[in-house]
Each structure stands twice: as C-alpha cells, then as structure tokens.
Amino acid sequence: MLFAVAHDGFAGPGFLDLLRTRDEGALQRLVNAYLPQILRAARGAGLNPQNAEDVCQSTFVTFIEKIEDFEGRSHVRTWLFGILYRKISEMRRSSARESGAESIDQVMETRFKTDGHWQKPPRGSDAATYESEVREHLADCMDGISTDQRMAFVLREVEELDSEEICRTMDISRSNLGVLLFRGRNLLRECLENRNIRGH
Amino acid sequence: MLKCRDLTRMIASDETEDFGFLKRMEIRFHLFMCKHCREYTGQIRSIGQGAKKMAAEAEPDQEQLQRLEKDICGKICNNGHGPG
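In order, the protein sequences belong to chains A and B. Under this note's numbering, the first residue of the first sequence is numbered 986, with each subsequent residue one higher. Under this note's numbering, the first residue of the second sequence is numbered 3, with each subsequent residue one higher.
I should point out that these hints are in silico values taken from the structure, not numbers from a laboratory. Being a predicted model, the structure only gives us computed values, none of them experimental. You may find that some hints are simply not true.
With a cut-off of at most 30 Å between alpha-carbon atoms, the simulated DSBU-like pairs for lysine-lysine come out as follows [to be verified]:
| no. | chain 1 | residue 1 | chain 2 | residue 2 |
| --- | --- | --- | --- | --- |
| 1 | A | K1051 | B | K77 |
| 2 | A | K1098 | B | K25 |
| 3 | B | K37 | A | K1072 |
| 4 | B | K55 | B | K37 |
When you get a sec, could you build the whole thing from the sequences and use the hints?
Below you can see the structure in the form of structure tokens.
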C-alpha cells in the first residue's frame, strides 16, 4: 500500500534516502502525510486561504531543495514547520504589520497590587458564556497579536506540539517561548475582555 | 507563599509543565483558594480550546487537499528531472 507507512517511519534513514533521490512514491507519502497539518498551521497563523495554499506549496518545494542539509536529527515535521514559520515571518515582515507588544507586560502589571495580589481581577463569567464569547471574538483578536506570538500559540494549542519541538521549529529558547506564550495569551485574554465589556 | 502575579505568569507561559509534584500541589492549592486565579486560568484554557475548535471548523475538505497535493507533487516530483 502506498500510504501505509507509519508516521514515525518518516524520520528513518531509508525514507530520507528515498526523498533525496526524489523517489516519487516517497514524495507523495511525505506530502500526503504532512500537508493537512502544514495547511492548518498556515491558516492558524492568519493567512487567507490563497496565501496559505501558496505558502504550503513553497514550504514543500524548499524542503526538497534543502533536503541535503537535513541530517535527520530533527523530525521531518519539525523541519517542515520550521520552513513554514520562516516563510510566514518573511511575508509578515515585508508587509510590516507587526505592532510592539511589550506593552502587554505593563497591562499585566497594572492588574496586580505591589504585594502581588489582584488589583483588577479578570471579569468573571460562567464557562459556557465565556466559551461563546471566545467563539465570537477570538478570530479578530488573533489578528492583533504578532506573528511569533501567534505561531507559538498555534503550535502549542492547535498542533499540540511539546515545548522542545516548538523551540526547534522557531529556533528560540525555552524562556523565549514562555514570553511569546505569556504575551500572546494575555493579549488575547485582554482583547476578549475589552470586547465583551463593550458588548454588554 | 505563591502570589497571584507569579501564578498567572507560570500558567500563561506554560512554565508549570516543568514543575515537580510539590510545585504542582502549591499551584493547585492556590487555585483552590483563589477565585480570581481560577477564573484567569479557566479563561486561558478556554482561549486555547477555542483556537483548536476554530481550526477544526476551518479544516480544508478532501477535494481541496487532493488538488493541492497534486499541485505540490507536480512541482517537487519533477524537480531537477523535468523536461527542459
């Protein structure tokens, strides 16, 4: 069977050799196995459907062009996500829509008293109400966070990668990842809270 | 004694995944005692779950995937071996 290879077999040297020789069956298996995840991550990163498709295509093209550099130490998926991440970063940098996000650190500071207890606690709502608020506004709020924050958030929450794999994908340290997640999640939480206060 | 400010930082940056048993218990105890931190933690989790649901709803259909798969294979399978 063409598609019956287990995913973990993809990291093996035999499979890599096949890819290096541009074995058509191996290339098809690679695309078939990883395209859904790569496309979902591209959409999750905020690209419109057409841009997401384009970036997926160029991710696989780059993967094959650079296959000689791949030493097999990292998982094929990590490498593909890494290429995808760099392509999206380049696109975003050239469209210059990043905003300085460090101010979320200050927003968080104002929520606490000097003794570290809440000064301005989160607005309370029951779980079901909050879920529907998230459903209504999350997509818009996600457009307000930086590419790096969004990528870290999506790889963690949607793709459920562990920290080590996200750090390798984005080429960042564990503490960098912590800062990206902290800022991204708090920006989203603040955005949702502001929208829902205005809406009620 | 764990402060609310520190707890929110640990939760939002996923620091807690590296914690051992005692530190985890300290966090559970704080959450048990502190309504606001419970609220905050619940919201952070709901946001993550919301993103997952949003992605699931935007899943491409099989037809789109197959078409894209064919396009990509067309590009990479001929790479270096194509005519001209």
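* Between K1098/A and K25/B, is the straight-line Cα distance small enough, at 30 Å or below? -> holds, 23 Å
* For the pair supplied as a hint, K1051/A and K77/B, is the alpha-carbon distance within the 30 Å limit? -> holds, 15 Å
* Proposed proximity, K1072/A with K37/B (alpha carbon, max 30 Å) -> violated, 42 Å
* **Pairwise hint evaluation, K37/B against K55/B, where the allowed Cα distance is 30 Å at most** => holds, 27 Å
In summary, the structure is inconsistent with hint 3 from the numbered list given earlier, while agreeing with all the others.
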